[in-house]
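Given the sequences, and given the hints that come with them, work out the whole structure.
Residue numbers (the working numbering), protein chains in the order written: chain A, 118 to 437; chain B, 118 to 437.
Worth flagging that the hints you see were computed from the coordinates, not collected in a lab. On a predicted model such as this, the values are computed, not experimentally measured, just so you know. Treat each hint with caution, since some may be false.
SDA-like cross-link-like pairs, simulated, lysine to any residue; straight-line CA separation at most 20 Å [claimed, not checked]:
id	chain 1	residue 1	chain 2	residue 2
1	A	Lys211	B	Leu173
2	B	Lys211	A	Pro402
3	B	Lys270	A	Leu145
4	B	Lys211	A	Val170
5	A	Lys294	A	Glu370
6	A	Lys270	B	Lys270
7	A	Lys262	B	Ser152
8	A	Lys211	B	Leu144
9	A	Lys262	B	Leu144
Number of protein chains: 2
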Amino acid sequence: MGVNDEFDLIHQYFEPLSAGAPGARGLLDDAATLSPSQGCELVVTMDTVVAGVHYLADEKPTNIVAKLMGSNLSDLAAMGATPRGFTLSCAWPKDIERDDIQAFAHAMGDWTQAYSFPLLGGDTVTTTGNAVFTICAFGDTPLGKAISRNGAKVGDDVYVTGSLGDGALGLLAAQKKLSEISEDDQTYLADRYRVPQPRVSVGQSLIGLANACIDISDGLIQDLGHVAHASNVQIDLQISAIPLSDAANRIIESNPEMMSLVLSGGDDYELAFTGPSVPDNCDVPITCIGKVVDGDPGVMARATDGSLVEIAKSGYNHFA
Amino acid sequence: MGVNDEFDLIHQYFEPLSAGAPGARGLLDDAATLSPSQGCELVVTMDTVVAGVHYLADEKPTNIVAKLMGSNLSDLAAMGATPRGFTLSCAWPKDIERDDIQAFAHAMGDWTQAYSFPLLGGDTVTTTGNAVFTICAFGDTPLGKAISRNGAKVGDDVYVTGSLGDGALGLLAAQKKLSEISEDDQTYLADRYRVPQPRVSVGQSLIGLANACIDISDGLIQDLGHVAHASNVQIDLQISAIPLSDAANRIIESNPEMMSLVLSGGDDYELAFTGPSVPDNCDVPITCIGKVVDGDPGVMARATDGSLVEIAKSGYNHFA
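Written as structure tokens, this is what we have:
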């Protein structure tokens with residue numbers, strides 16, 4: 118069944134996602150109202166995903182939503198913010214099926230509930246090109262305490278959450294380009310690519326503890342490079358310390374050149390942060406992978422013997 | 118010259134647009150920080166424009182920016198909000214020229230300065246389809262005082278700012294479909310279509326005075342219908358009272374059937390509001406076009422003799 122009324126669509130599928138947010142005004146007004154919690158300021162971030170660029174063009178609605186919600190929540194996590202809500206813009210291809218929009222909204226409902234992250238408003242339009250979705254996400258941080266990229270200090274340790282490289286290897290798995298590995302490993306990696314696990318609770322626990330934080334969406338070397346340049350420090354990275362999943366480990370043992378995907382591939386949505394120590398009781402493993410040192414701003418990646426490793430491509434760039 | 122570095126692009130062209138907003142963090146972080154002014158809450162709205170849908174596919178960057186900024190500021194105006202800043206998502210076609218991005222950012226700078234409306238952050242991506250731009254706009258209103266669509270009261274007068282129908286007639290003029298009218302009228306109308314004049318200062322002066330307000334972006338009948346349904350009232354509209362520009366008036370005198378564009382055409386970006394009176398000293402003419410009455414929710418459009426006029430198409434709907 119096709120779609121013939123955007124207002125009916127909003128009422129039927131999207132208005133339920135605004136539950137718990139009176140400022141959303143039932144998605145009936147020109148705008149929503151929002152205030153930070155007592156003693157807090159709002160953190161605002163915006164992320165766009167494009168069909169065929171950020172996800173495979175034939176991706177299921179549930180996975181499109183995962184990429185969209187995951188990447189925005191990951192940006193909030195990197196600032197140490199508690200999610201508050203979001204606005205959503207959907208530019209749908211004109212021939213979109215009503216079932217696909219319903220599935221999209223339904224999948225989004227799982228995320229709004231899991232993260233207490235209601236829909237506050239947005240815009241629904243059609244496009245003659247491919248689908249484009251944008252979220253503007255809002256979170257709270259204690260006033261003046263949002264974690265920035267520019268606070269890394271010489272002497273800090275450099276930490277990452279979870280495991281790296283699964284996103285880039287997972288894209289290959291989703292494209293059926295890793296047929297030499299087991300079905301289980303293919304499924305694990307493709308899921309890691311498709312369904313980001315934003316590190317929201319770790320991010321919140323980093324407030325007052327981490328000096329700098331970023332989420333690794335464009336590749337470890339590039340994203341740590343942003344921290345190094347913004348903080349005017351050098352980051353000394355021990356390649357052998359980078360945490361790998363069992364599946365990624367098995368691939369790299371037989372194809373060592375694929376380590377470049379771990380260093381420079383996108384879509385990991387893990388946090389990288391610098392500071393003197395890690396929070397207690399995190400819900401995900403945290404690994405020290407290097408040190409903040411004095412020197413020209415940038416990232417120095419070292420092999421086990423201490424020698425510098427040349428990194429050909431540092432990360433994803435939309436216009437490269 | 119093509120584009121080969123999104124970070125260079127952001128730094129060179131977009132970072133200057135964040136001047137005056139320390140919370141934008143120089144566009145270097147994962148997110149911006151924002152708090153409402155003392156005694157205020159934030160009003161949040163989101164609008165998307167798509168090449169070939171919301172503006173002509175070969176439109177100049179300066180006019181794309183006008184549509185984008187104008188439509189978002191108009192939504193803030195409808196809530197009575199004072200503009201504070203915005204986040205911007207640009208999905209550029211992969212073959213975009215650097216000069217076009219520069220012209221886009223330059224044009225945006227005129228709006229950020231004119232409305233003290235700085236860029237706070239956003240996302241820059243590429244698409245294999247047509248360009249899609251989304252803004253999430255933030256404004257301040259005194260706590261609990263944002264003007265809603267749902268407050269219209271029986272007995273209120275219904276007012277509109279400026280003149281109506283110029284947007285829809287201007288689209289025809291921009292498409293060179295109104296060759297029978299003078300060059301001056303064509304230029305005037307095409308400009309009205311291309312460059313919305315958001316009624317920001319009128320909107321601010323409506324706080325505490327208007328009971329309901331909406332901006333007329335999808336057509337007068339449809340947008341007043343939203344007010345009527347949200348407020349559970351009937352709106353009695355006197356068609357002859359609708360203010361027309363001289364150019365629109367000349368067209369309708371010789372083509373009375375084009376009055377349907379005035380009633381149902383989009384892109385006017387004027388405000389419609391209900392209340393007992395109008396603010397003093399507005400910077401744009403305000404006209405009473407009807408009355409809020411008791412009755413089934415909806416809009417009754419009347420001819421001079423009081424008879425009801427049937428409206429075939431009430432306004433723009435993306436999926437219709």
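Now the hints, each set against the structure:
1. Distance check on the hinted pair: A/Lys211 and B/Leu173 sit about 17 Å apart at the alpha-carbon level, within 20 Å; holds.
2. Of the supplied pair hints, the one linking B/Lys211 and A/Pro402 is violated, its CA atoms being roughly 38 Å apart against a limit of 20 Å.
3. Between the alpha carbons of B/Lys270 and A/Leu145 the distance comes to roughly 18 Å, so the proposed pair stays at or under 20 Å and holds.
4. Distance check on the hinted pair: B/Lys211 and A/Val170 sit about 11 Å apart at the alpha-carbon level, within 20 Å; holds.
5. Of the pairs offered as hints, the one joining A/Lys294 and A/Glu370 holds, with about 17 Å between alpha carbons and a cut-off of 20 Å not exceeded.
6. Using a Cα cut-off of 20 Å, the hinted pair A/Lys270 and B/Lys270 is violated, with the two alpha carbons roughly 60 Å apart.
7. Between A/Lys262 and B/Ser152 the alpha-carbon distance is near 13 Å, which keeps this suggested pair within the 20 Å criterion.
8. Distance hint between A/Lys211 and B/Leu144 is unfulfilled; the C-alpha atoms sit about 34 Å from each other, more than 20 Å.
9. For the suggested pair A/Lys262 and B/Leu144, the alpha carbons sit about 18 Å apart, so the restraint of at most 20 Å is met.
Consistency note: the structure conflicts with the earlier hints numbered 2, 6, 8.
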